[in-house]
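Residue strings, one per chain:
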Amino acid sequence: MATPVIEARNLSIDYRIDKQWLNAVCDIDLTINPLQIHGLVGESGSGKSTLGLGMMRYLDSNARISQGEILFNGDDIARTSLSQMRSIWGKEISLVPQNPLDSLNPSMRIGKQMAEVTMLHMGLSQKEALQTAIQALEHVKIADPEQIIRHYPHQLSGGMQQRVMIAMALSTRPKLLILDEPTTALDVTTQAVILDLVRELIKEEEAAALYVSHDLGTVAQLCDYVTVLYAGEVMESASVQDLFAKPLHPYTAGLLSSLPNANHGERNSRLSTIDGVAPSLAERSSVCVFAERCPVAIEKCHNEKPPLEQTVGNRLGRCWRWQEIDSGDIIPRNKPQGFITENNQKEKSGLVLAAHTISKQFGEYSLLDRLLGHEKNYVQAVQDVSLGVGHSMTVGIVGESGSGKTTLARAIVALISADSGTMELLGTPLPVELNKRDKNALSQLRMIFQNPNDALNPYQTVETTLGRTFKVLSKENPSATEISERIEEVLQAVGLAAAYATRYPNQLSGGEKQRVALARASIANPALIIADEPTSSLDVSVQATILNLLKDLRAQRGASYVVISHDLDVIHYLSDWIVVMYLGEIMEQGSSEKVYELPMHPYTEALLSAIPVPDPTARHGHIRLDGDIPSPRNKPTGCPFHTRCPRYIGDICKHEAPPIRTTDDGHQIRCHIPLDDLAITQKQSTPERTV
Amino acid sequence: MRNEHGFINFIRQIAQRPVALVSMVIVLIFILLAVIGPAVAPYEFDAIQRGEDRRALRNTPPSTTYIMGTDSRGRDIFSRLLWGARDTIGLPAVASLLAVSIGALIGLSTGYVGGWYDETVSRLMDSLLAIPALVLALVMITTIVPILSNTEVLGLVQLVDFFGANNISLTVVIVLLYVPIVARVVRSATLNVRDLGYIEAAKLRGESLLYILFSEIFPSVLPSLVVEGSLRLSYAIFLVASLGFLGLGVQPPSPEWGRMVLDARNFMTEAPWTMWFPVLAIASLIISINLMSDGMRRVLRNEIGRE
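Residue numbers (the working numbering), protein chains in the order written: chain G, 1 to 691; chain Y, 1 to 307.
Here chain Y stands alone, though its shape is the one from the complex (with noise of 0.2 Å):
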């Protein structure tokens, strides 16, 4: 990443390892799926299949016209799968995208600054760090979803009408958990350069902390950080998926995988497939994102350690 053709000489080298250029490619279908589903699917999420006698056709196995069976309803899980995947992914894609940001934010302006609002901070970082994660969203989601729903704030009231309330609370959920860690890689990142003599030659001409902090600092820190934020984003994507397996998540009509997993739940015995298709949605998907990013972290680091 170190020349104009630093992507494409990225991607070459990616394209070097099977394993990373694989679950690559699985990724990006994942996310093709996750927008254009809708589209592609041939049923309606909430559609439910008839037999020739207008019947549900509850739990069918999987067949020709139903490739992954239908679920105890009678809608069809394929359908129901794709239009799922924009909920399943975007939603942990956009609250990610966010945790990264900010945490970027932070750790830049920690690791470069110093001194007390370092400490401080860092320190604050910390504890949220020492909470395990899901107790936190339980506690969170429980207690800010009901603030939410009867707020009377102007413009807040607009927004959960907008989004809802449980989607903003479980935004807010990946955020608040994910910003310390994000904030913590681009921290000692951002440590490893600040003393370096490009960054002092910069000091030394008067540039302003921002232009320091983001045209001088944060390219060296952009490798770790995308490498973390993919991270992050499979990391909410199971939360959002287990969340969901807990009644948490994404409310119904929504097809969320980790609901319809919940759903699927009581059927296990008599309709395993109703169970196994979202589960093999959610899993392939984190181990690819998991693979992809060890891939880029090792081309990365080869491109660092070749200096």
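Pulled out of the complex, with its shape left as it was, chain G reads as follows (with noise of 0.2 Å):
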């Protein structure tokens, strides 16, 4: 086997963390040979980054490398002097930063940016430099980079900063690439192409690259190798072909299976949970540090460390017993408990929520702007859009971002008032203003926030939010003892003991918070329920424990519910009936099923195909969208699509709205091509879709 590029050895890296030294990574051997993308995933807090810079040497100052040796270049690097690092960093090991915006100086246009690199390590004349920063923007599949380099950072939307990002890193022709999760602030369609480029350009230059991530999907699609680590160990580590198919290690089973779309489209069947959570850098354990979550931990478990062995073929894993979970004698995760049987409430007529024609215009008009004489510049953000919600119904809305998804949330329960249209609760009329809403209305129509960090207030107990919640929008004045009777109920019914009345919120971890918001959403028995996002800012394994109770709850309570993600298998998981956005309208609407089914609109099979699928094997879909998502100031005429649209027929879909087609089961498609026609093409070009 060729000489590694990099190759860490027993090393452990600490942070100080009031006055004391505490483990954050801990006897990490990784090895990344030439022409390797080599993964790093694992939850928040499992140290992956600390470990992905703190291989090169790349650490906050209040950390420090306690033990072991980076090989690099023949050198150990971890006992490098900083000053010698500086010739290695930006040369010979580039970053590639989760968020491109920080990284990139905002008062400096790009090509000088681009151009300081190239000089200071290989150099280049300024003119050189700034050729080759033209050169390494072309390579990034940058259009015009003439005129990108005379850009300000800001001037780029998110998916061009990143590409520049890549081009910089990849301009000195490093021996080694660390990316740092940078396609999570980008959205889905943007992230496929990123991740594309990212493949091919490593390839083409010959070099490595350790992919630091939280999403297994990503790293499936992208990586050729994967370490899991979790609590700062090492759990497993394979070839990606080999962990996908058959994770030997219970925590890398249970990462896979709490995935959304890990049962395959069986939408009645609960998600496998891992319980529990990460342990803190302090509480981290002697013994095995998965034990106490492991559904199939035994004692020995609970009273030695496991080392980590070479398993399978050159697999390495950190578990007593997986041998058994290698031979099939145990499954190494908890099997969801049943099937949800639901409360059908479905055949009652009527809607819970109809919403007409809605409409938000979004603008600046300040005194000043009228003073100039500027003229009113504003955003369509959601333009016409018509919603019915069934009782026992769960509605999906899924877009990216700028797609008004959130905007129609917010009118929905009034944090903002519409600009026209009208909706009716329960076949009442409900105002576009919230101060016109009545108590009955208010109690009706809840919302769970996406931020489950500030959606409770930090200076009140889990009992008074909920309490106070039950007390205002009851209809008869409960008493105390009501009150402190239904706090149990909902706290029983979200999975937390009666004793988590008591504490604050930064008692709680980020799920139990999210527990606690749906909680207070449920609290008096609402007819819908808004969630925005629910589980977008929390980590796979608690994901799946909230869409569980999701389900749950719908099922007890026959609440009906508007979900809104960016994430299609989320939506695709809880939803009854889908609905897709862009640029504020409604592109594609229909019942779960059928949006899955041909034919569908050109963006939603943009959209498909940009899921990043955690396996492997799987034939990716092979639609990228060009460029990015237009902003909804210039929102194109016509079809607001046509501009990525792959499917683009030519005029009409530029100069005339398309026409909503409309099959027999209420399944609605806006788009110009008539739906035989699409159904026909798709099925044309459409590999085997895997979700």
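Worth flagging that the hints you see were computed from the coordinates, not collected in a lab.
Keep in mind that a hint or two might mislead.
[Claimed, not checked] For lysine-lysine, the following DSSO-like pairs were computed, each having C-alpha atoms within a straight-line distance of at most 27 Å: (1) K112(G) to K175(G); (2) K112(G) to K203(Y); (3) K683(G) to K594(G); (4) K683(G) to K654(G); (5) K439(G) to K203(Y); (6) K436(G) to K471(G); (7) K112(G) to K127(G); (8) K436(G) to K475(G); (9) K475(G) to K439(G); (10) K141(G) to K203(G); (11) K203(Y) to K436(G); (12) K654(G) to K203(Y).
[Claimed, not checked] Derived, one-sided and incomplete: chain Y residues facing chain G with beta-carbon distance under 10 Å: (13) D118; (14) Y198; (15) L204; (16) R205.
Even glycine gets a Cβ: it sits at the ideal position worked out from N, Cα and C.
Take each chain as given, in its own frame, and dock them per the hints.
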């Protein structure tokens, strides 16, 4: 085998927190061979970013490498001085960071920033360096690089910024590229394009890469070899095919089976989950770190730390029971507990919520603008959206950033007032302004917020928050005992012990906070709960428990839900009816099964094929959208999707708004292409979908 | 400050910072003196000390009897400082408390309500901030005091009689000067939380404006308000002492410290101690308050950073 590009041996990194050194990553052996893309996966707090950045000695000032060595070019760079590292950083090891906007100098033009790197490391003149920058930008498929080098970072979209970072990182022809969650901040269609590009370029440049991510889907799509981290230790390390085909560690198995598409469209079954929470830095145990949460832990696991040993073939694993897992004697994951029986009120006639032609514009028109005679500059966030939600039904709204899905949700609950359109809740008109809604409307229509960390007042106990909500929204004045009984009841419904009532939000984990938020939304028995990205800030294992809970609550209480997400898998798992939005308009809506079948709107088709599937053997969808989502400020005329549509048919798309084509079962597609033609072309070009 | 032991925890963390702890103790001692000063002072503030020959002991240097010496009229400086603490600290304390309350109300409401209300009120506050403090104070006092002294408005007359025209105008000046500053701090703290989920959740259950302002937002504004309030106190003390030195502060016979410095100025060379001690008292008080609020700010910032 070729000499490795970089090799870490027994590497440990500590952080100094509250005057003591705490171990963040422990005893890591990591080898990256030439031409290899090595994935480093783990949930938040697993130490993946620390390790990724630590491999290039790029650590915070309160961190230190406490033991081990990092061999690069035959030197131990764990011991070299930082000034020596400076000649390696950017030249031989480059970093593509998570948030490109933070890493680009906002006051410097793109060309000059890129030139700086090559001038420093390769001794080019400014003119040569600018020429190199243009070539590098061409390389990452940026159209018109001569123009782009004159731009400032904020003038570029997120996807373009990340391309610039990749071009900059590759411009010195480094041996190793470290990618720290490079696509987390990007939309799924942009992410797909960037990942394709990264893979292509790394192979072309004959470099190697370390790809740090929490997303198993992108790892499967991009990497050759995967290392799974948990609580700062390697759990399992294997080639991407082996790992995804047959995980030998209970943690990896648990992660994979907690993904919402893991049960292949079996939407009535629960997802399997990983119980408990990851230990904090101070709580790391000296036995198996995963034993606490492991479904197949035996006594030995709680007494002795398993070594990282060679398992099947070249694979490494840290588990006492890998042989049993390999032979299939034990199944290393929590079995989902049965099917969810629907509390079927769907026959109930009428709609819980009916919204007709809702529109919302945003615009800043300050006094100064008016005095200076500026024209009004409006953004059409939501345009003529109509939506119906039946009893005990979940409607999923999916779209990328700028699609208007959150604006729509906020207009429904009246956190913002819709400019036009009407709404009805349970058959009675629902005013668009919040202060005109009566207590009944408020208690029937509740909302769950995106970020669990700010959904709860940090100065109020769970009890105060829940009790106040119940008291304010109840029709009769509940007594103190009624309130506390009800609190206990909803806490139990969301799977929290009654003792949680006295806790403050900073004593809860992210998943627990979201459970309390769910309890708060359902405490007054609402008819409809709007959930805006309820799981997007949670780890996958926690996400699974929240998704199960949402399904259970619906089954038990029969409330309807509107769930908003950028994640089609989440939407597909939860919803009966899917609405696909793009630039403030509905492109397609239909029952959950229908939207996944042919024909579908070209945008839905592109969204589906952009989803990274956690299965390296899957044939990936081949449709990649050019460019980025247009700014809603300059919304394209005609069909809003025509600028990126892979099935663009001509001027008609540019000039005329597409008709809504409806099939017999209510499936609606807004496209100029007749449905039959769409079905035929999509059938010809679409590979087997694995979703 | 985010669980029931927040206050104890806060004190414990202050205790880990020696500078903050010492300065907090000094401030507490000064406050204690303002309360009990007259009771423990060896002499009356206006009692002229006389020797055996019945002549006033003018400008005597510190000794065991008069530990800080006597002033140009033969009054015990130590006693005067103790008596004067009440006016020097008390009036600014009341005035800055008023300023903090009004400023917090304005800051909370402008930050949360926004729109035209915010634009109008905030611009008004900005224009007040643009005027130099001492100049505004001088102009205000020279105009308000005569008006107040000659007022015939019922109620106001009694008020002036009770508190004194000078004290009222000093309070008005301090309130006018510090309300905009406090309001700005509270407004920006309010802006940080107004769009968070828990505020929106409160809106969506139909809570009233007052409930949202005081029960949901106020606790998160409180840390910055406490820090700003203590800073305002130190500046108010400084301002009142400065005005006293200019002869426009709390009027004699009150032994306000700034006034004492003014009186001592003429004897600076022959009896420097008459000046040292009031200056030292003012300086140590203000520096202590500043160091204390700095320590509090660091502790509170840490608490928030640890969320």
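Hint by hint, here is what the structure shows:
1. K112(G) to K175(G): Within the cut-off at roughly 23 Å; holds.
2. K112(G) to K203(Y): Measuring from Cα to Cα gives roughly 48 Å; hence the hint is violated.
3. K683(G) to K594(G): Given pair K683(G), K594(G) holds - Cα atoms ~15 Å apart, limit 27 Å.
4. K683(G) to K654(G): Distance ~25 Å between K683(G) and K654(G) Cα, so the pair holds.
5. K439(G) to K203(Y): holds, 12 Å
6. K436(G) to K471(G): holds, 20 Å
7. K112(G) to K127(G): holds, 10 Å
8. K436(G) to K475(G): holds, 17 Å
9. K475(G) to K439(G): Roughly 8 Å separates the two Cα atoms, so the pair holds.
10. K141(G) to K203(G): Within the cut-off at roughly 16 Å; holds.
11. K203(Y) to K436(G): holds, 12 Å
12. K654(G) to K203(Y): Cα-Cα ~42 Å, so violated.
13. D118: violated, 12 Å
14. Y198: With a minimum Cβ separation of about 4 Å from chain G (threshold 10 Å), the hint on Y198(Y) holds.
15. L204: L204(Y) check passes; min Cβ-Cβ to chain G is 6 Å, inside 10 Å.
16. R205: holds, 5 Å
In summary, the numbered hints that this structure violates are 2, 12 and 13.
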